[in-house]
Amino acid sequence: MGSPGFGGCGVIFRNCRAFVKGCFAIPLGQVFAFEAELLAASLAINFAWKNGWHRLWLESDSSYVVQLLSSRFEIVPWRVRQAWQRCIFQISRMNFQVQCLDVLDTDIVKVITEYVDAAIENLVLGAPSRHGFIRNATFSNSI
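Numbered per full-length UniProt numbering, the sequence shown spans residues 1 to 143.
Keep in mind that the hints were calculated from the coordinates and are not lab data. Cβ atoms here follow ideal geometry from the backbone N, Cα and C, with glycine treated the same way. Careful: at least some of the hints might be erroneous.
[As the list claims (entries may be wrong)] Here are the in silico distance ranges between beta carbons for each label pair: (1) 4 - 52: 16 to 24 Å; (2) 99 - 34: 12 to 20 Å; (3) 33 - 73: 13 to 21 Å; (4) 61 - 29: 16 to 24 Å; (5) 5 - 54: 31 to 39 Å; (6) 50 - 3: 29 to 37 Å; (7) 82 - 16: 26 to 34 Å; (8) 85 - 19: 29 to 37 Å.
Produce the entire structure from the sequences given, and follow the hints as far as they go.
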């Protein structure tokens with residue numbers, strides 16, 4: 001499980017045409033990586049629930065989180081149990097799909113940075129991206 005470190009999570013919500021509907025980033029304090037993944041998923045589901053978005057397709061790079069969501073399994077670390085149980089309740093009343101992302105690039109930070117850059121470009125310019133994660137750098141300021 002490793003050692004806990006300072007963690008955070010971020011989520012971008014898009015509609016079926018890839019337009020950005022909302023986003024958030026939250027610092028989580030001292031957490032294990034797995035707890036951060038669980039909290040990110042449960043916070044995203046809770047955010048969608050509160051905004052009345054009851055058709056949700058969640059993508060995560062954590063196959064374990066995807067497996068937990070698919071099976072509606074409720075046994076998780078105690079520090080995230082309450083948020084997770086609320087999440088399971090909410091997805092049981094939603095049209096909910098979950099999928100594991102296969103990030104094949106070795107430089108994951110670069111892929112995520114490009115994805116966020118594309119989302120910001122969509123938000124500012126209103127031009128939807130037709131691709132999920134951008135594989136090739138198209139921005140002059142990319143890392």
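> Looking back at the hints listed earlier, which ones does the structure fail to meet?
Replying inline: Hint 1 contradicted; others consistent.
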